[in-house]
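Using the sequences and the hints given, assemble the complete structure.
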Amino acid sequence: MCSKKKLVVLLLTSIMSVSTWGQLGDLARIDYTILPSSADFEFNRLRFLFNYPIKLDGKQSYLFLGLDYSNINVIYGSGTPRPFDIEDLNGFQLLDLNIAYTQKLRNDWRLGLRFTPGISSNLRADELTFDDMFFSGDAVFIKDKKDDTTLKRPYRLILGVSYSQNRGFPFPLPFVSYYRKFHPNWSFNLGVPKTNLQYHFSKQNRLKLFAQLDGFTSNIQSGVTLDNGVAEQINMSLILTGLQYEYHIGDHVEFSVRTSYILDRNVNLRDSNNDDLLLIDDSNGLSLRAVLRFKI
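Using the working numbering, you'd call the opening residue of the sequence shown number 1 and step up by one each time.
Some clues are possibly wrong.
[Unchecked claim] Derived BS3-like pairs (lysine-lysine); straight-line CA-CA distance at most 30 Å:
no., residue 1, residue 2
1, Lys146, Lys208
2, Lys295, Lys152
3, Lys152, Lys104
4, Lys295, Lys203
5, Lys203, Lys152
6, Lys181, Lys208
7, Lys152, Lys208
Keep in mind the hints are simulated off the structure, nothing from the lab.
Here the structure is a predicted model, which means the values were calculated and not measured.
This is how it looks when you write it as C-alpha cells:
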C-alpha cells in the first residue's frame, strides 16, 4: 500500500480503539448510518450494541460482556460496469464479542483491558471459516476527572496500545485521547486522531464540531476473481468532518444526529496480503447518522 493509505489505516485503527472504550459506558445502542448515493455507490449500516457490566470483588473492578452487531448494505449504481458479481459484495454481517476488564489503580488511574473476537463476512458459503474471524485487543490507562467538582477544568486522559486485525495493520499501535472542559459551556477532545470541539447549550443540549475516521473490513467468502488476482477482503476507509447535535434525556439516555462531509473515501478490494486490487469508489459527499444510546 502507498504511504497515504497506510496512514489512513493507522489512524482508523487508533480511533476505533479509543471509541471502543467510550462504548463500554453504553448499556445498549442503536446506530444507523447512510452515505447517500454518489454516481455509482451507496452505503448504509444498521448497528446494535449491548453491554452488560458485572461488578467484581476487589478494588472497584468490573467485567464487561457485550455483543456488537452490524448489517452493512452496499448499493452499486449502473453507471459503471463492474468486473464482479455485485451480489457477492453486499449484505456484510459483522458480529463482535466484547470482553473487557477494568480495575482502579493508585492516584485515580484505572486499567482497562479488552479482547474482541468476532466475524466479518458476506456469508455466501454454507459455513464459517477461519478467514471470517477477526481479533482485536486493547490495553489502556485511564484517568477520568470529568466529574470532579473540585477541579476548575475537569479532564480525562487515556494512554495505551491497540491491536486490531481487521483494520489492515496487524501490529500494536499507540493512541492518546485527552478531554478537557475549559469553560462552563465549552469542552474539547484531542487525540490521535479523534478531535472535537463541543458547545454545551444546557445539560440536555449540545452541539459538536468534529473530525474523525470511519470504515470497516470484511472477508469475501470464496473470493472474487479479478484480472490481477483474487479479492478476499473489502475495505472502506472514510475521513469525515461535520456537526453533531445531542439531546440528553436524564442521565442515561441520549439521542444524537450528525451530518458529515466525506473529505476522503476509499473502497477497495484486497487480496490475502492486504494489497489493493481494485478501487470501487473514491468519491466525496455527505454522510448522515442517527444514534440512540442507553448509558450507565
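Each hint tested on the structure:
1. Our distance criterion of 30 Å between C-alpha atoms is met by Lys146 and Lys208, whose separation comes to about 17 Å.
2. Note on Lys295 and Lys152: the hinted pairing holds, with a Cα-Cα distance of about 26 Å set against a maximum of 30 Å.
3. Restraint check for Lys152 and Lys104: the C-alpha separation of about 23 Å stays at or below 30 Å, so the hint holds.
4. Restraint check: the Cα-Cα separation between Lys295 and Lys203 comes to about 15 Å, which is no more than 30 Å; the hinted pair holds.
5. Taking the CA atoms of Lys203 and Lys152, the gap is near 18 Å; set against the 30 Å cutoff, the hint holds.
6. Taking the CA atoms of Lys181 and Lys208, the gap is near 13 Å; set against the 30 Å cutoff, the hint holds.
7. For the proposed pair Lys152 and Lys208, the alpha carbon gap of about 22 Å is at most 30 Å, so the pair holds.
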